[in-house]
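Participant: Now for the letters of each chain:
2 protein chains.
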Amino acid sequence: MAKQKKQPRPKAMTPKGFRDYFGAEVTQRSEMLRAIGAVYHRYGFEALETAGVETVEALGKFLPDVDRPNEGVFAWQEDESDWLALRYDLTAPLARVYAQHRNDLPTPYRRYAMGPVWRNEKPGPGRYRQFYQCDADTVGSASMAADAEICAMLSDTLEAVGIARGDYVVRVNNRKVLNGVMEVAGVLDPSDPEAKAHERGIVLRAIDKLDRLGVAGVRALLGAGRKDESGDFTDGAGLSDEQADIVIGFIEARGDTGAATVARLHELVQGSDIGVQGVNELETIAELLSAGGYGPDRIVIDPSVVRGLGYYTGPVYEAELTFEIFDEKGRKRQFGSVAGGGRYDDLVKRFTGQEVPATGISIGVDRLLAALREKGRIESRDVGPVVVTVMDRDRMADYQAMVAELRNAGIRAEVYLGNPKNFGNQLKYADRRRSPIAIIEGGDEKAAGIVQIKDLILGAQIAENATLEEWKERPSQIEAPRNQLVATVRAMLDRQS
Amino acid sequence: MAKQKKQPRPKAMTPKGFRDYFGAEVTQRSEMLRAIGAVYHRYGFEALETAGVETVEALGKFLPDVDRPNEGVFAWQEDESDWLALRYDLTAPLARVYAQHRNDLPTPYRRYAMGPVWRNEKPGPGRYRQFYQCDADTVGSASMAADAEICAMLSDTLEAVGIARGDYVVRVNNRKVLNGVMEVAGVLDPSDPEAKAHERGIVLRAIDKLDRLGVAGVRALLGAGRKDESGDFTDGAGLSDEQADIVIGFIEARGDTGAATVARLHELVQGSDIGVQGVNELETIAELLSAGGYGPDRIVIDPSVVRGLGYYTGPVYEAELTFEIFDEKGRKRQFGSVAGGGRYDDLVKRFTGQEVPATGISIGVDRLLAALREKGRIESRDVGPVVVTVMDRDRMADYQAMVAELRNAGIRAEVYLGNPKNFGNQLKYADRRRSPIAIIEGGDEKAAGIVQIKDLILGAQIAENATLEEWKERPSQIEAPRNQLVATVRAMLDRQS
Chain B
27 MAKQKKQPRP KAMTPKGFRD YFGAEVTQRS EMLRAIGAVY HRYGFEALET
77 AGVETVEALG KFLPDVDRPN EGVFAWQEDE SDWLALRYDL TAPLARVYAQ
127 HRNDLPTPYR RYAMGPVWRN EKPGPGRYRQ FYQCDADTVG SASMAADAEI
177 CAMLSDTLEA VGIARGDYVV RVNNRKVLNG VMEVAGVLDP SDPEAKAHER
227 GIVLRAIDKL DRLGVAGVRA LLGAGRKDES GDFTDGAGLS DEQADIVIGF
277 IEARGDTGAA TVARLHELVQ GSDIGVQGVN ELETIAELLS AGGYGPDRIV
327 IDPSVVRGLG YYTGPVYEAE LTFEIFDEKG RKRQFGSVAG GGRYDDLVKR
377 FTGQEVPATG ISIGVDRLLA ALREKGRIES RDVGPVVVTV MDRDRMADYQ
427 AMVAELRNAG IRAEVYLGNP KNFGNQLKYA DRRRSPIAII EGGDEKAAGI
477 VQIKDLILGA QIAENATLEE WKERPSQIEA PRNQLVATVR AMLDRQS
Chain U
27 MAKQKKQPRP KAMTPKGFRD YFGAEVTQRS EMLRAIGAVY HRYGFEALET
77 AGVETVEALG KFLPDVDRPN EGVFAWQEDE SDWLALRYDL TAPLARVYAQ
127 HRNDLPTPYR RYAMGPVWRN EKPGPGRYRQ FYQCDADTVG SASMAADAEI
177 CAMLSDTLEA VGIARGDYVV RVNNRKVLNG VMEVAGVLDP SDPEAKAHER
227 GIVLRAIDKL DRLGVAGVRA LLGAGRKDES GDFTDGAGLS DEQADIVIGF
277 IEARGDTGAA TVARLHELVQ GSDIGVQGVN ELETIAELLS AGGYGPDRIV
327 IDPSVVRGLG YYTGPVYEAE LTFEIFDEKG RKRQFGSVAG GGRYDDLVKR
377 FTGQEVPATG ISIGVDRLLA ALREKGRIES RDVGPVVVTV MDRDRMADYQ
427 AMVAELRNAG IRAEVYLGNP KNFGNQLKYA DRRRSPIAII EGGDEKAAGI
477 VQIKDLILGA QIAENATLEE WKERPSQIEA PRNQLVATVR AMLDRQS
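Chains B and U, in that order, give the protein sequences. In this text, residue positions in the first sequence follow our numbering: the first is 27, and each later residue adds one. In this text, residue positions in the second sequence follow our numbering: the first is 27, and each later residue adds one.
These are computed hints drawn from the structure, not numbers from a lab.
Straight-line distance between alpha carbons at most 20 Å, and here's what the computed EDC-like set of lysine to aspartate or glutamate pairs gives: (1) B:LYS472 to U:GLU313; (2) B:LYS148 to U:ASP108; (3) U:LYS222 to U:ASP234; (4) B:LYS454 to U:ASP130.
Label-pair distances were calculated between CB atoms; the ranges are: (5) U:ASP261 to B:GLY468: 56 to 64 Å; (6) U:HIS127 to B:ARG60: 25 to 33 Å; (7) U:GLN510 to B:ALA242: 53 to 61 Å; (8) B:ALA242 to U:PHE449: 54 to 62 Å.
Where a beta carbon is used, it is the ideal one built from N, C-alpha and C, also for glycine.
I would like the entire structure built from these sequences, with the hints used as guidance.
Facilitator: Here's what the structure looks like:
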């Protein structure tokens, strides 16, 4: 008889680009999503949760920056004809839902959605193939009031999760204004919109590099081109100085108030219908925000925002954290963008043939959590449970009674469930759990009707810093009558916090 | 030139077996998960969130009741060698995580996890291919205290989400006791454990039908077999009357208290080592629960529980709701099981070769939500926002200011963002949104410094029931000074609730 072949053991590993989240990483994200959801709800938005799986047909063309279908998504064949795929964002499912249920949904439809999305991309440091998105969109309203509302809500949301006013700014720009500037500068002809697309691409990328290259660098890229420090040459858009002046004027148009910025933009887009329309839209948004009390300390009209300008059709918004952090190389830098969005007016057209206007934002929840941890606003680990140690294996029922009393009083607590033989292991366990308190009840204590209550946080502090005298003066372990267990633990927890 | 082929429009449909969740369906589930998580946390359990995607290798053999690999899961090939799959439960990922991170995790490791799982099965009414699971497991403890704790936590959890004491019961049984009974009845030989597996299968299925067939029906299946009303004959296990008596004695062993049940079981398993061990385990659990204050009004030792007995290796638990509901055919029936679990002692063996004991439960969140809705404990839809109507399109900034005031006061509110031309459409919209209140400020009101505040809930009641006199006496629309907007709305909301 052939010997049965032994299967090799499977590897216990997450797939490449996926990760596990433990303890506070999970609960803090839940709390953040809950806080965000509460603001969205207050603004009248309704929750929507779709499945992780959609038909490839319904998802359609995938990531905006990828042309080949199936590129960037996890997909598999369901049967001979149907392909299924994991959603790569929350906007494509919204389009499908709105087209599918439009007769039952209110119009306009304000909806929010939170959950994981999947990208079949090469993973990198800090780049995962599953991550959370948290979106809010208003479908079916062409009114600038919808855009203004999204910006105000974004501002309220950032403050609700713990970003102080002054530590963030919501910047607003408009695709149409940029198109107007392009038209005035002679690189966009409304009667032949495909011409000079290459030049416009260079202009857009040049503007996006303003932070890094400064005005002179951008000007070089708008003109003949630019050689960087390494000697590499980047082709320019070939604009004349006069043409470049118009673009530079645009990105420098930001004034002290929205009204001042809008006034300058009005001058710049003279002669372009689309440009005038875009500036009027920005003006309306600025007025509505001002009426709602959202001043430039929170939301600004900022023509230098270009991210997403290629994708959106009208207003675009971006939320940036303005405080400085140290990057991995120890250099100071601004934390940067944590949310972005804009208006896109063809949400469901591919399903229904109808143009339905929509506008919305997506918040990068994990980046926002990272920011709060950087600022020390949230602890990256939480406090562990009170641990009831097991001195006498046969009296497990006594320990169970203690832990039940503590839990019933709302105190996080557990009884040690490992092998109780080695008491040192129990204290090591409590340490690994970051337990604030350990309860000890041996035979002598039981006979005397008392329990030992050990302050593990004070104990650790004393062990690190105290002199022998201090050690004696500040005992980290106290005795309490058994019937005072809950009250004594609660008092100790209050003192610790 | 060939005419470009027109692509047909994609269908806006969820894939077969998947569905969308709207509004309160989403937020009520979030609230329930939050409430459950709070109890788990209080018990010292730590959150764990794994990705939806695992390697097929790590998932291993799939659903316990399915032998062919890939059956029952959504899987796809990542590259030449690796297959990935969507997780089908939360236990397989726990096994992978514990094997992967065991050096960094505390032992015992109490963890909870909540999230969607995917099953590639034929969908049916109420059976979806993505659904939520909500699990808690203790890994690395062989102590019955771990099992008792899980049962107590399950009881606390049900009460925390709104199931009143008396409306549920947690039943506990033990696989080893059943094995002992099988041994005593002569259908299990510990020295040849594979023999008579067929008979034992029939016995197990017969016990599971006790509710439906009664003792006589079960007895027939234990013996020669049973003909049902339709005339179909089901083969029996071929037990003698004496053998059948032992099995029947087992399923009828439940006494008034855990101690009484355990005493009877002790008699039944005399002579079987495994049986005695199982009864001792049940006895320990009963004692620990009693010490924690969990009496038979919440948790009972019940030998008639067999679900999962084929899968688990020691104690098993099941939570059942005991109140009656009407099924789809209008018949009264008990709501039934909403959670189940047990002990399984080979969690990570396939990864590490080591046996690691584990015990845990899984709560069916969607069933629990359905139960609360049946009992009227939660509304299936929530109240909509206050709607600020738009009487004058040019004064959007005024309406924006009102809605900002309301939101800043914590009141859910929105301004109407559709085309404001037809005022009737605005009230229809408010109705569809289940808005409690509409705010109206036309030119006359603006000039007089007032707003109209319309009680839509009272209005609907009056429209349905009131006589003309009552209508006049109880105006559903009141005037308020503009600067009393928030206070007046708040008072009206308070009156409504």
